Amino acid sequence: MSKNRIEARMEALKEKNEKAFITYITAGLPNLSATKEIIKAQEKAGVDVIEMGIPFSDPIADGPVIQQASFDAIQNGATLKKIFVALEELRADGVDVPIIFMMYYNTVLHYGVEAFAKKCKEVGVDGLIIPDLPFEEQEEMKKALDNDDRTIFIQLVSPVSKDRVPMILEGARGFVYCVSSMGVTGQAAAFHKEVVSYLSYVKEASRIPVMMGFGIRIAADVAPMKDIIDGAIVGSHFINLMRENNFNPEAAAEYCRTFKKELNEL
Amino acid sequence: MNEKAYYGEFGGQYVSESLMNTLKEVDEAFEEAICDPKFLEQYHYYLKQYVGRETPLYFAERLSKKYGTKIYLKREDLNHTGAHKINNVIGQILLAKRMGKTKVIAETGAGQHGVATATGAALFNMECTVYMGKEDIQRQALNVMRMEMLGAKVVSVESGSNTLKDATNEAIRTWAKTAEDTFYIIGSAVGPYPYPKMVKEFQAVISREAKKQHYEAEGRLPDVVMACVGGGSNSIGMFADFIDEEGVELIGVEAAGKGIETGEHASAMALGNPGVLHGMRSYLLQDEDGNVQLAHSISAGLDYPGVGPEHAYLRDSGRAKYVAITDTEAMDALMELTQMEGIIPAIESAHAMAYAFKKAKEMTPEQSMVVCLSGRGDKDVNTISDYLAGKGYLN
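Just so you know, the sequences run in chain order A and B.
For the first sequence, the numbering used here assigns the number 57 to the initial residue and increments by one for each residue that follows.
For the second sequence, the numbering used here assigns the number 406 to the initial residue and increments by one for each residue that follows.
One chain only, chain B, in its complex shape:
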C-alpha cells in the first residue's frame, strides 16, 4: 500500500496496471513543480493576469443585516470563465506542458470544467478533447458551443447513464490508451492519487486569499467557512488553509436533490457507503448489488455519486461537517441572493448560500462566516427559467 496516497482509509490508486507508471510520473512531476519557484511564479502570473485574481471577499451587507451575522462571500464567480474551475486548470495544464505532453483530455458534467480546460488549451496551444455524457450535451448546449469555439473536440459519451460518471469512465479509458502523450486534467477533487492532492493544491488559493482578506476586514479568523460539495473541488480549496485552524468550523454542503428520503439526491456523505469509483476509495452512492447509483440534483455540478477522498476523511475525523440542501431550498436561496445583493450565483453555489442562511440563525451579530460563491449563474439561466415556470415562483 502506498501510504501517501491515502487520507485515513480513503483515496488510493484503484486504476488499471497500465496507468500505475503514469500516475507515478505525474506525482513526481507535480511534487517537483510545486517546489520550483519558477513554476509557482508562472502559475501565479496567469492567476493574476489571465484569471483576474485575487477575487474579492465581499461583505454581503443586506443579507448580514437580515440574518443577524456577518456573511462574507468569496467571489470565485468573478474568475475568468465564471467559476473556480480555472484555478486548477491553469495549474494542471502548466504541469502538462512541463511534462512535455501535447494533448489534454477532460471530463465534464455541466460543462464548466470542460470550458475551463478548453480555455487553458487555447491559451497554451494544446490539443483538447472533452468527454461529456450525451444527456449533458443536450442539457448544456451553450457550454458545448463555447468549448467548440475554443477549439476543443467534444466527445459524446453514450454508455451507462450518459452523464458525468460515464464521461469520467470514458476519459479514464482514453487516458489508459494514450497516456504517452496525453495529460488528463481532472476537474474535481477526485480520482486516483495524486489528483485529489493536485486539485487541492491548485484550489487552495481560494482559502489563502480569503484568510488574508478576512483578517484585513475583521482582524481575526472567521467562525465558519462553508462551500458546496459535489466532487469537492471548491470546498477543498475553501477549507485548505483553515483545516489547521481548529477554531474555524468547516461545513460542506451536498445536494439533497428532491430530498434525501426520496432516494433522488447526490449526498454521498449522507447515505453512501465506502466504495471504489474513478480510481479512488471514498463514500459512494450504490444500490443493493454494489452498482453505482445515479445521483440527482437540479445542479449539474453537484450531480455526482461519489465525493473526494479527503472530504470523506474530514467527515470521519470530525474536522468538517457535511449537510445537505434540497433543490427547492437552493433555488430559494438563489433568488434571495439575486434580489438582495444583485448577484446571480450558480445553482451549485446556491446550495452553500441556503445552508448559510440556516446556520446564521445560530450565530451572533459579532460572529462571521465565509461562503464560497464558486460560480456565477449565467450557465443556469435555462434551468432557472424552467424551474420558475414550473413553480410559478416570480408571481
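For reference, chain A alone in the conformation it holds in the complex:
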C-alpha cells in the first residue's frame, strides 16, 4: 500500500522547505469536463493539493460565491456519482495531484457512509473535508474510512476552537485546516482580530502542517503569518477568477504558478 498522497506531498514540501498552495473549485462549474481541464492545468502549474467542492443544495458553511457556484453546478447536472466518474477519468489520465472532496454530510449519508468510503478509496479521493461534521459527530465517518491510507479525514479548527484544539488535533492526519475568520468562506481578507495568536497556538500544538484558508486572494494576504503557517488555501477568489476568465485552464495555471512562487518568496 502506497502512502497517502496528501501526506506524501506534505513530507516532500517539508524536505524542500516549501509552503503548500491549495485551491478549491466547485466540481461541475460550469461542467465536469471544464473541471477536469482546470485540474490538469493546475497540476502542471505545481499546485500542491486540490479541493473539489461537491455541490449541495444547502451549503451552510459557505459564503455567497461558493453558494452560487454550488447552485449553478447542480443546475448544470453535477452529482456525486458523476464527480466520482470524473475523478476516475482524471486518475486514469495519470493525474496524481492529491485531491480532497469538500462536501456536506447529507451527501455522504444519502450515498451511504460505508459505500461512500469504499468508493472514495477506490477512485482516489485522498482526503475529506466535511464542514458540518464537527469532531463529536465524526465517529461513523471515521469508522467507515478505517484509518486506511487511501482516504484520510482532514480536521478544521476555528479562531474560537480554543480548548477544543488538542482534542481535534489528536489523531488528525494530512494537515490541519485553520479557518482564518469566523463564519463562512469568502469574506475578503478581513481575518479574525486575533488570527496571528490563534495560528501560533495551533501551530504549537500540531504535529502536522497548518494551512490557513477563508478570505485569501493573493500570496501577500498571508504575509503577516508567513512564519507560522505551512500553506494557504484559496477558494472563493479562485472561483471568481475562473468565472472572469471563462474557466480558461491557462488562467488557472498562471494564477497557481504566481501564487505558489510568491508564497515561497514572502
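These aren't lab readings, by the way, just hints derived from the structure by calculation.
One or more of the hints may lead you astray.
So, partial list: chain A residues that the calculated Cβ filter (under 7 Å) puts toward chain B [what the hints assert, rightly or not]:
1) S113
2) A117
3) Q123
4) T135
5) H166
6) P190
7) S214
8) V216
Restricting the straight-line Cα-Cα distance to at most 35 Å, the calculated cross-link-like pairs of lysine-lysine (DSBU-like) are [said to hold, decoys possible]:
9) B:K470 <-> B:K726
10) B:K409 <-> B:K617
11) B:K508 <-> A:K218
12) A:K259 <-> B:K508
13) A:K317 <-> A:K282
14) A:K218 <-> B:K409
15) B:K582 <-> A:K198
16) A:K137 <-> B:K663
17) B:K443 <-> A:K218
18) A:K96 <-> A:K198
19) A:K70 <-> A:K259
20) B:K582 <-> A:K218
21) B:K429 <-> A:K174
Please read all numbers here as calculations on a predicted model, not as lab measurements.
Using N, Cα and C, we set each Cβ at its ideal position, and we do this for glycine too.
With chain A's structure known, arrange chain B on it following the hints.
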C-alpha cells in the same frame, strides 16, 4: 458522540467547528436557567401578564355533537401575537439576556416566529434581525410590516429557493460570524442540540395547562392528543406532558400539500429519509442526489422539508403516530371550524382539525381528544381568499 444531543439516532450537532463552543455555552446557560427559580418566575410572569396565559381549553360543543366525540381545543391562537411561537421566544430571549447578549437573530417563513421575536426584542430592548426568504417577503407583506414597526430589520434572503430553509441557512451563517454578541432564537423544534430541547421546554406549557384543564373538565386524561407538525414546535409542546402517559394516543399531522403521490408536499415523516440539515439529523425530504427537496404546503408554517429530531424518534419508537392532510382537506376543516364554532384558525392548525374530524369517526361519545389550535387565521386571510376565489368555495 455527545449522547445527550441525541433522540435515538436523531438530533446531534451538525454545525461548523466555529459554533461548537457557542452551542456548549448555550447548553450550559440553558440547563442552569431552567433550574433557577428566579428565571422560571420571570418566564411565567411574562407568560401570564404579557402573553395572556393560561389559554383556555375550549370544549367545541357543536363539532363534538356533529362528530360524536368530545373535541377540546387548546386555544394557543389567543396568545399575544396570535400563535404559540411567543411562548418559546419569551424563554429564549430571557436566556439571551441572562447570557449578556445584546442582539438576537431569527429565521421566519410565514412571519409568525419573526413577529414573535421582533415583539420580544422590542419588549426587552434588544437589536433584532430577521432572515426571511425573498419569496416569503412578497407573500407575507403584512408580517414584514409588523416586524419593521416593532423595530426589527428584515433581511431578504436570495439564495437557493428563497424560502424558509434558505432563511435558516443564512441565519446560521450569520450566527457563526457573530455569536460573540448575538443569540440565535430558533422558532421550531429543530436545529442543533440544545435547540430542540429548549423549544420543547419553553412550549411544554401548552401540555401542562391542557392536562390540568382536561382533568378539571373530565376528571381524567384525554384519549387522543393531536397537533400539526412542520418543524414541530407546537406539537412537541402539546405532546410533552403526555409522552409518559401511555394511555394517551399522540398524533402529529403533517402537510400532504397537493397529495403525497404528487411529490408536492411537506411530509418529511411520510416520505423522507434520514438526513442532515440545519444542524440536526432527522427525516428530510431529498432528491435522488441527496439535495434537499422543496416542500409544498398551502400553509407557509408547515412548508419545511425536515422535522424536529424528537418527532423522528417518537415516530420510530412508535410512541406517536404521524399522518398527513392535503391542502384541500385543511381548507375544508378551516371553513368548518370557522362556521361552526366562530373560530378562524391558522391554516397550519386547520391541518390538525382536519385529521381530528377523521379520527373522531373511530371514537365514542364518551371519549375525548385535545387538538392544539396553534394559531389564529388573521395572517392567512389573503391566502384563504385566493384559495376560495380559485375554488368558488363559498358558492
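Structure-based check of each hint:
Interface hint at S113 of chain A: satisfied, since its Cβ lies 4 Å from the closest Cβ of chain B, which is below the 7 Å cut-off. Here the hint on A117 of chain A is kept, as its CB sits about 5 Å from the closest CB of chain B, short of 7 Å. For the restraint placing Q123 of chain A at the interface with chain B, the shortest Cβ-Cβ distance is roughly 5 Å, inside the 7 Å limit, so the hint holds. Interface hint status for T135 of chain A: upheld, as the beta-carbon distance to the closest one in chain B is roughly 4 Å, under 7 Å.
Hint on H166 of chain A holds. Least Cβ distance to chain B is approximately 3 Å, under the 7 Å limit. With a least beta-carbon distance of about 5 Å to chain B, the hint placing P190 of chain A at the interface is held under the 7 Å criterion. Look at S214 of chain A: its Cβ gets to within about 4 Å of chain B, closer than 7 Å, so that hint holds up. At about 5 Å, the closest approach between the beta carbon of V216 of chain A and any beta carbon in chain B falls short of 7 Å, and the interface hint on this residue holds.
Simply put, K470 of chain B and K726 of chain B have alpha-carbon atoms about 25 Å apart, close enough for the 35 Å limit, and the pair holds. For the proposed pair K409 of chain B and K617 of chain B, the alpha carbon gap of about 29 Å is at most 35 Å, so the pair holds. For the suggested pair K508 of chain B and K218 of chain A, the alpha carbons sit about 24 Å apart, so the restraint of at most 35 Å is met. Straight-line distance between C-alpha atoms of K259 of chain A and K508 of chain B comes to about 34 Å, which keeps the hinted pair within the 35 Å bound.
For the suggested pair K317 of chain A and K282 of chain A, the alpha carbons sit about 14 Å apart, so the restraint of at most 35 Å is met. For the hint pairing K218 of chain A with K409 of chain B, the CA-to-CA distance comes to about 23 Å; that is within 35 Å, so the pair holds. For the hint pairing K582 of chain B with K198 of chain A, the CA-to-CA distance comes to about 28 Å; that is within 35 Å, so the pair holds. A threshold of 35 Å between alpha carbons decides the hint, and for K137 of chain A with K663 of chain B the separation of about 31 Å falls inside it, so the pair holds.
About 32 Å separates the Cα atoms of K443 of chain B and K218 of chain A, which keeps this hinted pair within 35 Å; it holds. Taking the CA atoms of K96 of chain A and K198 of chain A, the gap is near 30 Å; set against the 35 Å cutoff, the hint holds. Using a Cα cut-off of 35 Å, the hinted pair K70 of chain A and K259 of chain A holds, with the two alpha carbons roughly 15 Å apart. Using a Cα cut-off of 35 Å, the hinted pair K582 of chain B and K218 of chain A holds, with the two alpha carbons roughly 16 Å apart.
At most 35 Å may separate the alpha-carbon atoms for a hinted pair to count; K429 of chain B and K174 of chain A meet this at roughly 34 Å.
Hint check: no violations occur; every hint is consistent with the structure.
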